[in-house]
Every structure is written in C-alpha cells, then in structure tokens.
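**Student:** Protein sequences, first through last, are from chains D and C. Just so we're aligned: 242 in this note's numbering is position 242 of the first sequence, and the numbers increase by one with no gaps anywhere. Just so we're aligned: 227 in this note's numbering is position 227 of the second sequence, and the numbers increase by one with no gaps anywhere.
If you are wondering where the hints come from, they were derived from the structure by calculation, not from laboratory data. Keep in mind that this is a model prediction, so the values were computed, not measured. Take the hints with a grain of salt, since some may be wrong.
Taking lysine to any residue and the SDA-like style, the derived pairs with C-alpha atoms no more than 25 angstroms apart in a straight line are [to be verified]:
(1) D:387 x C:29
(2) D:387 x C:273
(3) D:55 x D:363
(4) D:353 x D:382
(5) D:387 x C:189
(6) D:387 x C:191
(7) C:273 x D:55
(8) C:44 x D:229
(9) D:387 x C:188
(10) D:55 x D:351
(11) C:273 x D:246
(12) C:44 x D:35
(13) C:44 x D:351
(14) C:44 x D:155
(15) D:387 x C:44
(16) D:295 x D:349
(17) D:387 x C:192
(18) D:265 x C:237
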Amino acid sequence: MAWAEVAVAATDAKPCRGDKAGAIIAAALALPGVTAHAESAPERGVVALKYLNYKDSQPGLDRIAVNAPSIYVLAPISPRWAVDGSLVSDSVSGATPRYHTAISGATPRMTDKRLAGNVQVTRYFERSNVAIGLASSNENDYNSKAGSLNASFSSDDNNTTWNVGLGYASDKIGSTNDATLHETKQTSELLLGVTQDWTANDLIQLNFTLNSGRGYFSDPYKSVDNRPRERDQAIALARWNHYFAGAGGALRSAYRFYRDTFGIKAHTLGAEWVQSVGRFTITPSLRLYTQNAAKFYFDPIYDPDVGAPYPPGYFTNPPQYSSADQRLAAFGAVTVGLQIGVNIGADWLVDLKAERYEQRTGWRVIGTGSPGLDPFQATWLQVGVEKRF
Amino acid sequence: MNSYGFGFEAMSSSCEIRLDGDDEHALAEAAERAIEEVRRIELKYSRYRDDSIVSRINAAAGRSEWVEVDAETASLLDFAGSLHALSDGLFDITSGVLRRAWDFRSGRVPEAAGLQALLPLIGWPQVEWSRVNAPDRRIRLPRAGMELDFGGFGKEYAADRAMATLAVAGLRHGFVNLGGDIRVLGARSDGGAWRFGIQHPRNAEGTIASVDMTEGALASSGDYERFFELDGRRYCHILDPRTGWPVSSWASVSVTAPACAAAGALSTIAMLKGDEALAFLATQGATYLAVDTALRTFHPELPAAQPFFSGEHE
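Required output: the full structure, derived from the provided sequences and hints.
**Tutor:** This is how it looks when you write it as structure tokens:
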C-alpha cells in the first residue's frame, strides 16, 4: 500500500517542463542534449517514514482497521546506479461480512499482521534506464513473491519517454479456517507506456497494462465464493498534467478504463489540483469510479428453501461460479482527498493526507447498481516525514 | 577532493572546464571529450569554413535549390525561429549581414545608404524553413546575399552540450566557461556554490557583481565586447535588425537560466529591448543583473535565501 503510494509520488514528481520558466527557457531546454540530467541517478538520497491509518465501515458495522507504518529509502550509489526499497508492516483487525453486506453472528472478527518489502536497483544510461525489482509480502494466510523489470527510453529532445515493464508474481494462499487449503496463483504483467511533453506546460501520459492471472482467485473467508481460476485484465490509463502559470498551480487529471475476464468493466475519472503556497503544497483531489458486476456475482436474493447465503437453486442446479463479494457488485464510488505538504528547510518534508471513500450501488453511472447492498465507507489518514540527504 | 581547471581556446574565446574530483586522469579524459564537443559545434556552425552547414546554406542564398539539414541543425533553426517570435523580431539570425557595413576595427560609422541597402536582406520570416518535424528538413534563403549566423547562441549551446558530455561521463562537480558563457555541471565537491564574477562594463579588469551558482547557466551581453567610440558616442556590436544601428540603453545584461542557450538569448534580447528590457526579463522568468550606461544596476527582488547576485566590486 505505502509502497504503491511512494511509487505514484515518484512518477508524479516529474514537474511540467517549463515550470516557472518563460517560453525562451522552455525553447532552450527543448534543444537536443542541453539537459543531460534527465537520465542520471537521483543526486540525493531520501528516507521517508509514513504512518497510515485505514478504517472502513458500513451502516451498523465497523469493518476493517489497518495501521501501517512504512519506511522508504532511496540511495544513489553513483551517477549510474541507484537502489530504492521499502518496508511496510500492516496490522489488520476487524470484521468483514461473510456474504454481501449481511451482519450476523457469523461475521468473524479477525486480526492479522502483514510484512511486505521490496527493493529495486536502477541502472541509468544516457537516454534510458533499466530497473530490476523484487517484492515480497507475508501474512499468515497469504504469501506473495514478485519480480519486475522496467525500462524507459527518452527521445533525443527528452520530450518523449517510452516505458516497458514486465512483472511476475507468485502467490500462496491458505486459510486460518481451513488448514487443508493450499492454493497458488501466478500473475504475469506487461506494461507499455509513453509520456509526452506536449507543450511547456502540458504533460501527457498513456499506459496500457495487460495482466494475466492463473490459480486461486476465490476468497476463502467468504461463503459460496467460487471464482474462475483465470483472470485476465486490461487497463488503459491516460493522464494529463497542465501547469497554470498564472495561478502557480497544476491540474493533474486522469482517466482509467479497466476490463477483465470476470466480466467487470470499470471507469475512473480523477482530478487533483496541486497548489504551492510558500512552503506549503496543498493538493485537493476528487475521484469518481463506476463498475458493473462480475458475471458470477449474485444479488442478495437467497434460495427460498435453504436461505442465505445460498442463491436460488444453489443445490439443485449448482452454478459453476458464484460470489457474494460486495467488491464484485455493480456500484459507483467517490473519493475526496486533501494532502498538505510542508517543506521545512531544503531537506525536510512533512505531509499529511486524508482521503474519504464512499461506495454506493446507486452511484453506478452506466446502468443500475446491484440491489440490496449497504453503502460502504473508508477513511485513510496518513502522516509522513521525509528527509533528503 | 581536488579541483582541476582545463583551459583551451575555442570560438575566439578563452575557455575553461573546471572539475572537482580525485582521479585527475579520468577528469582530464572527460574534459577532453567535452572540449571535442565544443570544437565539433564550432566547426559545424562556423561561418569561416566553407564546408560548414552554415556556409552551405549561405552559399545557396538566392538560388532555387534547397539545402537539406540534419536534426541538430533543424532544432537550432527552430530555436532561432522561436527566439525571433518571442522577441518580436529583435533576435534575428539573418542580421549578420550588417557586419558588411559595420567595421568595429576601423571605427567608422557607415553611410546611411549602405545600411539601408542591407536591411532588405534581414528578416527571419523571409527564410523558407520547413521546421524540425517536417519529413524532409530543408531550408532556402530566398535572396542572394542573405546570411544565417548562429553566433547569437552557438557558444552558449556549446556550453550546454559540453556540460551534458561531462554529466553523461558521470561527473557531478564543475562548470564549463566558454568566454563568459557558463553552464554549471554541479556544485563544488563540498556542496558549495561556484562564485562567478560579472564583468564591469567599463573596466576590463574588474567585476561589478558576483553570482553564486550550483546549477544552471550564466551569460552576459554588453556594449563593451566589440565597440568603438566616435564624437563621444559608443557604437557597439549589438545591432538592431530593424534599423541596423547599435543599441544604446544598456551597458550590459547578465542572465541566469536553466540552460546557457536561454541565458545568452535572454541577455541579447534584453540589450535590444531598450526600456522594455526589465519587463521582458520578468515575463521570461529570468534572474538578471542589468547595468545601464550610467552604471546603475538593476536586478529582481529575490528572497534572502537565494542570493543569486550578491556583492559589489570583488
């Protein structure tokens, strides 16, 4: 979680070219070979400590709470090499419904601890860089190991950057309720992307990701949860960052399209405004999300004879696949967030981030949402301190 | 760590590459490659060599055939076009023909008729240029006698490219100085800034201010570089392409910018802008020190934490 956020922060750190610069400076920087620092290792190291508190709930049930301290370290080894890595420790406690949003005595309380880490080594060349990464995540019922290879190539004028990424993950899944469950899942991923400095104040990025997973996708803690053993995903992401010189702020907007072989199609529209005010950077954000239900998701209408959690005809004419997981239903969601960063001197950065997420079936934008589900809310609060060396 | 200076002559200037480090041999090798890059640009864009791309373009002026250019030259031509547009026509790489009228060694003011005859040969918009992204990059000067001159940014561009050569070699601490056009590679090895003196426009041995830099570039234009005085008036080499006459508002303008090609263009355009120079520099986001002919200095207000221009006579 924290790692992903750090990674996103790193991608977003690329300022719009021409930031604060006039048109002549922008024109000079567009000359070939005038800026050489683009493809060299970061000059300074970074250590960042973050603490994340996450809580989710639905009416009448406080669900999961997560506390996750994390550390991120970036160490330039030479102008050619850099190493970065992170460690996060999650402690999870709370309850989730066994099916749909039903609250009953069967709703189990759980606690779990997760330790996850990753390390990445990057080699910088004149107009390109190549990074190899390893990641691992361990909790008592789920282990994941992953490797990645990413390369990026810049055009002579540094206005265009192409990205290629390959990833592979191997997961082992068990269950504290079922000691006999020993399942695995393998996932391969391919990413192709291009980032274009469109004008001095506009940056455009397009990413396509294909993801192919084989193995156990079911949730061992949910009732009547039996999902296909393969899931392929395709994701298209378009970003547009525009710097408003007059306002001294930047608008980052993004659209993401997602589809998978479970039958889910999802759209995400996001926007955030990054405003610098003296030593402060204030970033309000808004994200809108909508998806349809997976093919094998069933609404909370249960078998008239056996009752919940079984869908009608579950025993007489058993479906090949079924799931009552709220996350596979048709719904819409809204996330609002605010991040405040404060630079203290040249080397320290403190930041606070709060996000509020609300998911409702009635908020589905295309078509109608799944019936009979309670709304679902989540809150993220994160505090971080970063020191540059 | 030690500091090494590698001096050389190029582009009619005294030049130096200054590098901090321990391995003198490796630093010398990197400096040598950077100097080669400066000489490559000097040869490629020299007006004095018949085989340079500039000479080939100029030699074809007034003829019907096009001259094909390579990608680097195309980028520089586009840069020249941008500078022309962004300076309202003051920065014009076709204005070099005025050299035929102005001879700063002889110290004679040209005949008005002679200047007037040259003005029709000046004007970037006349140049037929297909732009860098066109499938075939080609250029044609429509009138016989027209000339391009890359001297307005060639040395600054070379300073940028030489710095890039050093950075690609993995070096971090030093700067490139091509006759006062400076591009910083990075801070001193102890993290401290380099201090550069700004030449006093009326005292060839003195400085009028200094600037501390750990990155970016510094370039100056002044009426002291090539000039003559006649009947109490100073005639300098910076010529207004619209009239053919020397500028007279500013003694010198020094600019810091992220790239030397930008700093050099900004300082030259500011010299040409006259009374509007300071407003122009402000809109371009440049940090500057302008000295008028009464030797009064002008620079933007800066937060105390960023003493870009500090001190007086060093």
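**Student:** Given the hinted pair residue 353 of chain D and residue 382 of chain D, is their alpha-carbon gap at most 25 angstroms?
**Tutor:** 5 angstroms, holds
**Student:** Decide if the proposed pair is consistent with the structure: residue 273 of chain C and residue 55 of chain D, CA atoms, cutoff 25 angstroms inclusive.
**Tutor:** 61 angstroms, violated
**Student:** Check the hint pairing residue 55 of chain D with residue 351 of chain D against an upper bound of 25 angstroms on the C-alpha distance.
**Tutor:** 20 angstroms, holds
**Student:** Is the straight-line distance between the alpha-carbon of residue 387 of chain D and that of residue 29 of chain C 25 angstroms or less?
**Tutor:** 36 angstroms, violated
**Student:** Residue 295 of chain D and residue 349 of chain D: Cα distance at most 25 angstroms?
**Tutor:** Distance ~46 angstroms between residue 295 of chain D and residue 349 of chain D Cα, so the pair is violated.
**Student:** Please work out if residue 55 of chain D and residue 363 of chain D have their alpha carbons no farther apart than 25 angstroms.
**Tutor:** 21 angstroms, holds
**Student:** Is it true that the CA of residue 387 of chain D sits at most 25 angstroms from the CA of residue 191 of chain C?
**Tutor:** 17 angstroms, holds
**Student:** Is the straight-line distance between the alpha-carbon of residue 44 of chain C and that of residue 35 of chain D 25 angstroms or less?
**Tutor:** 20 angstroms, holds
**Student:** Between residue 387 of chain D and residue 192 of chain C, does the CA-CA distance stay at or below 25 angstroms?
**Tutor:** 20 angstroms, holds
**Student:** Does residue 351 of chain D lie within 25 angstroms of residue 44 of chain C when you go C-alpha to C-alpha?
**Tutor:** Given that 25 angstroms is the threshold and the Cα spacing comes to 51 angstroms, the pair is violated.
**Student:** Given the hinted pair residue 387 of chain D and residue 273 of chain C, is their Cα-Cα distance within 25 angstroms?
**Tutor:** Distance of about 44 angstroms is beyond 25 angstroms: violated.
**Student:** Check the hint pairing residue 387 of chain D with residue 189 of chain C against an upper bound of 25 angstroms on the C-alpha distance.
**Tutor:** Roughly 21 angstroms between the alpha carbons, so the hint for residue 387 of chain D and residue 189 of chain C holds.
When the structure is compared with the earlier hints, violations turn up for hints 1, 2, 7, 8, 13, 15, 16, 18 and for no others.
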